[in-house]
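**Student:** If you want this note's numbering, it's the position in the sequence shown, counting the first as 1, plus 6.
Calculated directly from the structure, the hints in this document are not laboratory data. You can take every hint at face value.
No more than 20 Å apart at the CA atoms, straight line, and that leaves these computed lysine to aspartate or glutamate pairs for EDC-like: (1) Lys183 with Asp201; (2) Lys112 with Glu155; (3) Lys99 with Asp171; (4) Lys76 with Asp94; (5) Lys105 with Asp94; (6) Lys107 with Glu96; (7) Lys177 with Glu155; (8) Lys105 with Glu155; (9) Lys204 with Glu155; (10) Lys250 with Glu232; (11) Lys204 with Glu224; (12) Lys111 with Glu160; (13) Lys154 with Glu198; (14) Lys107 with Asp84; (15) Lys111 with Asp89; (16) Lys184 with Asp135; (17) Lys105 with Asp123; (18) Lys252 with Glu268.
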Amino acid sequence: MKFKLQWIHFLFLFYVIAFGGVAWHTYQVERHIEEFQSPEENLREPLKESPREPTIDPALSREEDVSCHKEGRRYPIDVALADPAACDVEITKVEDLNKLKKNSKKLRHVRSIFFRDSPVTKVPPQISDLNNLRTLYFLESLNTYLPKEIGNLENLTSLNFNQADIQIIPKEIIRLKKLNTLSITGNAGLVELPDVSKLTGLKVLFLAYNSGLVFSNEYSDNLSIEEVDLSKSNLNEVPAFLSKLKNLKLLNLSENIMDPAEIAKIKQSLPSTNVVYSMAFLDGL
7 MKFKLQWIHF LFLFYVIAFG GVAWHTYQVE RHIEEFQSPE ENLREPLKES PREPTIDPAL
67 SREEDVSCHK EGRRYPIDVA LADPAACDVE ITKVEDLNKL KKNSKKLRHV RSIFFRDSPV
127 TKVPPQISDL NNLRTLYFLE SLNTYLPKEI GNLENLTSLN FNQADIQIIP KEIIRLKKLN
187 TLSITGNAGL VELPDVSKLT GLKVLFLAYN SGLVFSNEYS DNLSIEEVDL SKSNLNEVPA
247 FLSKLKNLKL LNLSENIMDP AEIAKIKQSL PSTNVVYSMA FLDGL
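Whenever a hint applies, use it, and build me the whole structure from the sequences.
**Tutor:** Right under this line is the structure:
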């Protein structure tokens, strides 16, 4: 009888040990499976080591699906045709202008064009297809010509000519209601300027270092222009339209030979404007 009790006790202990071992093993297996399957962050962790995509900034565009590489680099037109994120373009050759003309509808993502060192810069009418354009800049571009279709670039905010050899600014630019800055500098020839007072969004009018500016006689009051620079522009009288710029904050007339009475008159008509007039260039004569 005693022997049977010992045998039963032995079997009981064996059952407990065996079952407990299996249960512990099952628990460990299930725990490892849970660790492998459960937290999503564990699955995503290796992706943190993968290379980052190129940084892009959303284009200031009417089209929500347009995005651009970060500003600071300009791309050849061939790159812009192949890469819809290459939004800042540089044009230096006549053949580039031909590509712009033929492929304008493929360049609607472009937000700025920098024309530089081109012997002939005749901008084609197809420029109007680039309805995301914000900036046009011409630097030392000879025989510069703008078509009347420039007035269709409704999102253009900055138009710049620096030694660009342009003679006529199309009157159609007055339709550019978002134009904030108009700059024409270092132009040796005659420049006919349209009625910029109709540019209701214009803040800065930079017309320094020009030798032959011709102003329209049809200027109306403009409440948006805040800064005008006409320094060193071969003027002998104050342009009449300036007195109509009622919100003008800064007017630079330096290095133009003018009657002091003219300067006093413009200061009187624009009492809130900081009128800068210096004849320092005469000191060395």
